Amino acid sequence: MNGHVKSMNFQQRAETAATLLCFLLLLAVDSTKTVAAARNRECSSDLERTLRLTKLIHRQTGVLIKTYKAFQGEMGPGVCKATGFDVPDPNISGLEPSERMASMYTHLQAFSSHLKRVQEQQTDLQLPGSIVLRKINESRVQNKRLSSSINSLYHTFFPNLPLPEPAGGPTTLPPPQTVFQQKIYGCVVLTTYKVFLANMSKNVKTLKSKMCRKAPKSTSNSGR
Amino acid sequence: MSSMLLQLFRLSFIASVLHAEHEKTSDLSVVQQTVMDTFHMEEYGSYLVIAPQSSVVEIGTNFTATCVITNTDEVTADDLYWNRSLSSVVPKEYYTKINVSALAVTIPITSRESEWLFCLANKKSAFVLLNKSKFMNGIWLKKRYPPKRATNISCVAEQKENEPSFPVLSCTWETVGHQTKDEQTTYTLMVEFPFPRLNRADCITGVFCKGIINRTETYTSSPTPHNKASVSFGSFPHHMNLDIWVVSQSSLGKIESEHLRQDAHYFVKTSAPSNVKVIVEQSFPTSLLVKWQHPIDQVYIKLTSQIRFCQDGSLDWRYVDVPNADTSVQTSFRLQDLQPGKDYVIQVRCKNVRRNRGYWSDWSDSVTEKTPEDRPTSKPDLWWKSENGEAQLICKEPKFSNGRITAYSIKLRYTKKEGEQEIIPVNGSGTQQSVDQKPVTLLKRISLADKPSVRVCVAAINSVGTSPEACLHIPAKPSGTQTVEGMNVSTLDGQMFVEWKQPNSAAVTEYVIEWMSNGKIDWQRERNSTNKTAIKGKLQPYVCYNVSVYPIQSGFIRKPARLEAYLKQGAPSEGPSTQSNPAYYSAELWWNPIPLDKRRGFITNYTIFYQKDHQLKNITVPGNITSYDLTNLSGNTKYDVWITASTIAGSGKGISHSFTTLKYAPEMVAGVVVGVSLGFLFFVLMTTLLCFYKKEVIKKNLWPQIPNPGESTIGNWSPDYPSKVETPKENCVTGVCVLNVGVCEVTPGFEEDKTSLSLKKDKYLSEEHSSGIFGSSCMSSPRQSVSDSDEGPDLADSTASTVQYSSVVASSGYKGQNPAPQPQHSIFSRSESTQPLLDSEEHPDIVQEGSRQVQCSPRESLFTHGAENQNTIESDNCRLLGMEQHDFCPLKEEAEQTTESDSQSADAESASPLSSYMPQLGGYRPQ
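As given, the protein sequences belong to chains A and B, one line each in that order.
Position one of the first sequence corresponds to residue 1 (the working numbering), numbered consecutively onward.
Position one of the second sequence corresponds to residue 225 (the working numbering), numbered consecutively onward.
Honestly, the hints are just simulated from the structure, not real lab data.
If you're wondering where the values come from, they're calculated on a predicted model, not measured in any experiment.
Accuracy of the hints is not assured; some may be wrong.
Pairwise CB distance ranges, derived in the manner of DEER restraints [said to hold, decoys possible]:
no., chain 1, residue 1, chain 2, residue 2, range
1, A, Ser113, B, Gln486, 50 to 58 Å
2, B, Val392, A, Asp124, 27 to 35 Å
3, B, Ala549, A, Ile131, 29 to 37 Å
Not the full set, but computed from the structure, chain A residues with beta-carbon under 8 Å of chain B [stated by the list, open to error]:
no., residue
4, Arg52
5, Gln142
6, Lys194
C-beta: ideal position from N, C-alpha, C; glycine also.
Whenever a hint applies, use it, and build me the whole structure from the sequences.
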């Protein structure tokens, strides 16, 4: 009798413990979902902000190209599509999101160096305080901010993956040029940069749809 | 090394003491003593050193100091003790013995006042006593609060005009914490971006964080003691996360505020939208299409907009949030449910489309546009006003006039037959006022003298159509008993409220509240269930309004209830002007009521002030009387009177008025007259009685018995005269002697004795000219009452009391008493006396009987002139003198004239032009 009672008591306790365990599991799952939802909101917000910044810089670059052309004098049609200035390819490479983000970052760094060279050249060609110089400077500042944003996003989404260094080493800048070549070079840089920004917008948009649809991949990548 | 350390401690101590001398002067003696000891210690060196030497301590914390014995074994840690200032010993329980040569103390820093902390030795050895100054040290504790912390940071970045730039981020914050007067906390605004999602803690937990904490840009404001600062961006960080915080700094260190981490667009305030346009569509009279431009491209910030609009002049704004499409920004909106034919004022503003981010911009410039007109959709507000026996039809525009009213259509029906329609053009205002504030239009005047009532129907007409009709039965006189009772008017918060009781029996369809002042009328309509309402018209303070509540029964106007009321009462702007009718002891005052526009309130009472010799009295009388009798006044006294009229709000003083009470009261005058009359009567009576009873005595004294010369026997001595000569007849009454002899009386018998008389003239020299009352010939004692013409002026002055009846100025011939062959020329001047004339003068007719005094009658008028009529008398004299040339003449000449021819008589007249009085030659017979 006593053993039976003890058995019943144990059974009751086991049921209570199981119920409590289930409840705790539910809470854990729910909290996970909550955290995931919160992270999802952050992900969406961060990528959205980066996307807008990219679009803004793209718009500003378009305005800059018009201003640049206006201040360079008569240049033939199609000169801004010339090649041979070691200007980076505007296309973003990579298959995985991390690779594409790394490619964006690398391109931004490369274009930053070219923009700096264009600014130096135009400083010699334009009057101090010229609107072209101000807009190029603005473009450089925005480039730096966009790089920082991509950097931040990358480390947010892929905290255990280091940003790769540029594949070809430091950015190669063109050798000394004539004034005309400088003008052509600047136009080519800006035009290519604008194309790159357009590509980047598309990629960030794609990233947003991929990265923020479910829990960020950082959780799965963390085991790598 | 240790000596160097000791020297360092000493120098720091001196420095702290000198610094304390600047900071704290109240404990000057202690400082001076310490400085002296310090110099002494500097000379000989101290055996005690305190650590730390830092003098800034935080209020509210515990401070620990350690006293170390150096270079001596004379004292140990047990011999040391601590003092706060020189006299206050720190209790032993705060001490901690570190070792034999070091003693620590931990004291709570509670007060805000800085103070000294001393370490001393109390061993009684001779060495210690002799080197007392070497066995003490101290530090100056400067007490401070920790820096104040900034909280509730809020920032705003305003758009630069016409540029997609927000160059300055301005932040404000609140502060918490305390601060002493001696020290000020400075604040520095910090802004950094981009701000990553991961923070340092995440990196520390093993996550790969290379480059993650490298922020690209940091902006710092200059330190400020105020609660606001700003940072300037070269390029505004669109679409960046900003990290904003404030660093507070004081001598006790730095404190960071909480970080505000938000998207940069969280802080933006754009410019107002531009190019706001309002498009009118004629086919939609109740709507307006609004278009505008955002101040910044949506690639920078996506904005949402808000519109507000109101009817022109009302400022009753209605707000509309413009919904945004998912993909595009809305920059146009159609306002609906507007009133046709009205002017609308429209404004637009914008902000960041994301909820709770960004600030609303300022409102754009106002754009005013009018909706298309539509047919009036409500009735005009018809009412009437009775004036001079005729009814004036008045109305206000319909509430929904939907445009400018151009005319009114009126139909009058006195009988059951429908009257003709009349169109009355008007120049409608088309204003935006509510129906209660719309102007009143006089439509028509109709006479109801021979008609009991008239039914009036009015419709308003605008450019599109006609409104529904408003009808009213206007009676010649509002009929029925007063159906509205318990009417009351009150004011509250600058509004006038009318309250009434609904009638039990009458089926009232609506009420009309009418208020009138100075001929201006206005009204408003209330539903039949209303029994209290506020007058919606613009009422003026200090103006008396006649408020009426008309019950309307199916368009029939019933008898109203009326009350006078003020929106606000004030003191009368002037007082009443006073008039008076003074008596001896009292004065009647009356005044006119103050004009209605000057009352400024209901007159509650008048106060009459009256003042006499700086004695001011006043009497308060009710406000409904306009006259008052002031009593208990003093006679023959000037009073200043003024009246103040009072309302519940104050008093207004009237013009001061003066009057003087009468000198005598009427009864006093009557008393005096009666008294004087009685006294006079009594006097007359007594005099009469006295004369009557004392007649003999008076006669004896005044008129002593004169022997009758006629009875004298002396006269008989002359044989030429009869023994008895007829004594001239005298008329002597008691006390009064009246001569029957006229001025020019001539006794015929004297002419016969002229010769003999001339012989006796010398004898009667003094008596020959006597005349008048006392100088009359009937007096026995002759008196010098008659003088020569040379003596005339003197006598006139000196004989003021002597009544001179007449003066006779004789010519030289007469005065000489020498009988001259030539006719005597005598000059008679008239009497200057006002003495009543003798009977003989007053009744010349009596004189005429016995003499030739007919010619002398003009003299009567001469004697009736008063002394004050001297000028007249003189002129009369001149005239009379002329007359006397014809009427008066000396007796002798006249006697001669009877025998002489007319020519001679004319000569005689020309020779004696001044002879006007006959010498009394025959007054007495020669005695």
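Against the structure, the hints come out as follows:
no.: 1; hint: Ser113(A) / Gln486(B): 50 to 58 Å; in the structure: 32 Å, violated
no.: 2; hint: Val392(B) / Asp124(A): 27 to 35 Å; in the structure: 32 Å, holds
no.: 3; hint: Ala549(B) / Ile131(A): 29 to 37 Å; in the structure: 34 Å, holds
no.: 4; hint: Arg52; in the structure: 5 Å, holds
no.: 5; hint: Gln142; in the structure: 7 Å, holds
no.: 6; hint: Lys194; in the structure: 14 Å, violated
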